[in-house]
Amino acid sequence: MNEQAIMRGKTAIVGVGDVIPKRGETLDDYWGLAVEASLQALDEAGLTTKDIDGVVFSRSGYPIAFPTFPTNFCQQMGIVPGFMEATPHGGQQMGSMLWRAATAITMGMASRVLIVATDNRESRLTRGGVVNRIASQNTDTEFEYPFGPLFPSAMALLAQRHMHTFGTTSEQLASVAVEQRKWAAMHPKAMMQKPLTIEEVLASKMITSPLHLLDICLVTDGGGAAVMVRDDEARDCGKPPVYLLGFGDSAETQGVSYLQDYVQPAMYRRATEQAMRMAGVSHSDVDVLFPYDPCTFHVVWGLEQMGFCKPGEAAAFVAEGNLARGGKLPANTHGGLLSYCHPGIAGGFLSIVEAIRQLRGECGDRQVPNANIAMASAMGGFMAWGVNILGREPR
Amino acid sequence: MSSELKAGYQKPLPTKSRDGATFWKATRRHQLVTQHCPDCDKHQFPPRRLCVHCGGRRVDWRQVSGKGEIYSFTIVHRAPEPSFSPEVPYVVAVVDLAEGGRMMTNIVGCRTDEVRVGMPVSATFEEVTDEVTLVKFRPAAGAAR
Numbered sequence: 292m293n294e295q296a297i298m299r300g301k302t303a304i305v306g307v308g309d310v311i312p313k314r315g316e317t318l319d320d321y322w323g324l325a326v327e328a329s330l331q332a333l334d335e336a337g338l339t340t341k342d343i344d345g346v347v348f349s350r351s352g353y354p355i356a357f358p359t360f361p362t363n364f365c366q367q368m369g370i371v372p373g374f375m376e377a378t379p380h381g382g383q384q385m386g387s388m389l390w391r392a393a394t395a396i397t398m399g400m401a402s403r404v405l406i407v408a409t410d411n412r413e414s415r416l417t418r419g420g421v422v423n424r425i426a427s428q429n430t431d432t433e434f435e436y437p438f439g440p441l442f443p444s445a446m447a448l449l450a451q452r453h454m455h456t457f458g459t460t461s462e463q464l465a466s467v468a469v470e471q472r473k474w475a476a477m478h479p480k481a482m483m484q485k486p487l488t489i490e491e492v493l494a495s496k497m498i499t500s501p502l503h504l505l506d507i508c509l510v511t512d513g514g515g516a517a518v519m520v521r522d523d524e525a526r527d528c529g530k531p532p533v534y535l536l537g538f539g540d541s542a543e544t545q546g547v548s549y550l551q552d553y554v555q556p557a558m559y560r561r562a563t564e565q566a567m568r569m570a571g572v573s574h575s576d577v578d579v580l581f582p583y584d585p586c587t588f589h590v591v592w593g594l595e596q597m598g599f600c601k602p603g604e605a606a607a608f609v610a611e612g613n614l615a616r617g618g619k620l621p622a623n624t625h626g627g628l629l630s631y632c633h634p635g636i637a638g639g640f641l642s643i644v645e646a647i648r649q650l651r652g653e654c655g656d657r658q659v660p661n662a663n664i665a666m667a668s669a670m671g672g673f674m675a676w677g678v679n680i681l682g683r684e685p686r
Numbered sequence: 014m015s016s017e018l019k020a021g022y023q024k025p026l027p028t029k030s031r032d033g034a035t036f037w038k039a040t041r042r043h044q045l046v047t048q049h050c051p052d053c054d055k056h057q058f059p060p061r062r063l064c065v066h067c068g069g070r071r072v073d074w075r076q077v078s079g080k081g082e083i084y085s086f087t088i089v090h091r092a093p094e095p096s097f098s099p100e101v102p103y104v105v106a107v108v109d110l111a112e113g114g115r116m117m118t119n120i121v122g123c124r125t126d127e128v129r130v131g132m133p134v135s136a137t138f139e140e141v142t143d144e145v146t147l148v149k150f151r152p153a154a155g156a157a158r
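Heads up: the protein sequence lines correspond to chains A and B, in order.
Take this note's numbering: the final residue in the first sequence is number 686, and no numbers are missing along the way.
Take this note's numbering: the final residue in the second sequence is number 158, and no numbers are missing along the way.
Hints listed in this document are in silico derivations from the structure and should not be mistaken for laboratory results.
All values reported here derive from a predicted model rather than from experimental measurement.
Yeah, the Cβ is synthetic: ideal placement off N, Cα and C, and Gly gets one too.
Watch out, some of these pointers could steer you wrong.
[To be verified] With the C-beta cut set under 7 Å, the calculated list includes, among others, these residues of chain A facing chain B:
#  : residue
1  : ASN423
2  : ALA426
3  : PHE434
4  : TYR436
5  : PHE438
6  : GLY439
7  : LEU441
8  : SER444
9  : LEU448
10 : GLN451
11 : ARG452
12 : HIS455
13 : GLY458
14 : MET497
15 : THR499
16 : ASP578
When you get a sec, could you build the whole thing from the sequences and use the hints?
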């Protein structure tokens, strides 16, 4: 056992919840989202707020009209924790939320931690406002923003380089959106259900080449939550436990301009290798994958960076239908940020919620048979990367 | 550029940092400078207090050629704020400088559909206000279009 395996399987998630708006609706109720998702997770776990002694809380990603500290959340819930944490790194934070909770539990600072990720990005900032606001605040305001990049331009620059290097095509990227829409249509809560074709993606408005509107994620409200406990309590709760087996975080730069290698950035490799080493899993052990998908390209990129495909081979892998139901590597089975829901900060956390539902075998039509190991990635804040590996057994 | 045009410049100006002051002072003289590390002889951009290549602590500034190559680019069709709207579609690119270092910029002096990854480019200086001169890039003389 390597020293990092001290954390492997020592904590488990025993309840999850998520609050997803209906298509065309917003839920401009930040604390309502956080509380409702938390109560769903507590109910699944068979616990109450009074059982909780630790809190990991994702602050809203953008300056909104009120503070969103862990203290505000404790006040809402009536929790007096022995451990509390607010996670950074924007959309990457689902990468850091689980291990922070697990570390607090392993160190004895808390025994039952509520992990909550919520944001009402659409109703607070509007869709267009999100695109504008993040561009002006998350790019380098001295050396990048004066040239007019959109927020998705950072993703577009990465995609363009990949196309140049490997001949990746817009049709291949569009197939990511098409495949994920098929999964979304099998999830009753998914915001986007209507089947999508490659032609429709390519005919949608060009935003920042090579990315069209339908290559880019949703902007919505929503939230998710999970309850994590120590392994010795895990089997006494209401739902089958899902164990945290491994995790890795890394970062390289804030601005996309300064990332050294667009095709194989060092941060990805570092976070993924750490998570897999800690979990003691190889690629063939992973039954269901959740590559972070702020745009279609990032799924292709993620498959390569996490080592499921060789550099340059993931686009064809996706286009051949391998991420679909019955495919070699079912991925983003809830529809992901492209079709399920993407409330900004909380978007990646909804992948964790779906991963847990898959590992518990609760996914109905979209259930991946014998799903034992799930892996999820997230990116944000801006060039930060996180990976979590979850399993049905502590290993 | 006429002073009326300068006075009318509505697009966001670079925020000022202590590390960037030398860079912006040079662009007003139509010179491109980047940091250079005397320990490992490499250049870097954006400016920092340390050399990110070797950890050296003696970074200084050197004038560079202004020659480079497009590492990647995107054609922006939807402006991030109204001041950019008259310009769409425009090219946002990241350019690898010949001496080292990579910077975001606009590609000017050619049609958007002529821009390619790997295209050789050279720096051009755009005085957007009396105080600020931005560095943009145009296809190098003889670059294949």
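Quiz item: Is the hint on GLY439 of chain A kept, meaning its closest Cβ partner in chain B is under 7 Å away?
Solution: With a minimum Cβ separation of about 4 Å from chain B (threshold 7 Å), the hint on GLY439 of chain A holds.
Practice problem: Go through the hint on LEU441 of chain A and say holds or violated, using the shortest Cβ distance to chain B against 7 Å. | Solution: 5 Å, holds
Quiz item: Is the interface hint for PHE434 of chain A satisfied, with its Cβ closer than 7 Å to some Cβ of chain B?
Solution: 5 Å, holds
Quiz prompt | Status of the HIS455 of chain A interface restraint (C-beta, 7 Å, chain B) | solution = 4 Å, holds
Quiz item: Is the shortest C-beta separation between ASN423 of chain A and chain B less than 7 Å?
Solution: Hint on ASN423 of chain A: holds, closest Cβ of chain B at ~5 Å, below 7 Å.
Quiz item: Quick one, is the ALA426 of chain A hint okay against chain B at 7 Å, beta carbons?
Solution: With a closest approach of 4 Å, the ALA426 of chain A hint holds.
Quiz item: Would the stated hint for GLN451 of chain A survive a check requiring a Cβ distance to chain B of less than 7 Å?
Solution: 5 Å, holds
Exercise. May I ask you to test the interface hint for TYR436 of chain A with respect to chain B, counting a Cβ-Cβ separation under 7 Å as satisfied?
Key: Holds, about 6 Å.
Quiz item: Under the criterion of a CB-CB separation shorter than 7 Å, is MET497 of chain A in contact with chain B as hinted?
Solution: 5 Å, holds
Quiz item: When the nearest CB of chain B is found for GLY458 of chain A, is that gap smaller than 7 Å?
Solution: 12 Å, violated
Quiz prompt | SER444 of chain A as an interface hint toward chain B, with CB separation required under 7 Å | solution = With Cβ-Cβ at 5 Å, under 7 Å, it holds.
Quiz item: Per the CB criterion, is ASP578 of chain A less than 7 Å away from chain B?
Solution: Where the cut-off is 7 Å and the nearest Cβ of chain B is about 35 Å from ASP578 of chain A, the hint is violated.
Of the numbered hints listed earlier, those contradicted by the structure are 13, 16.
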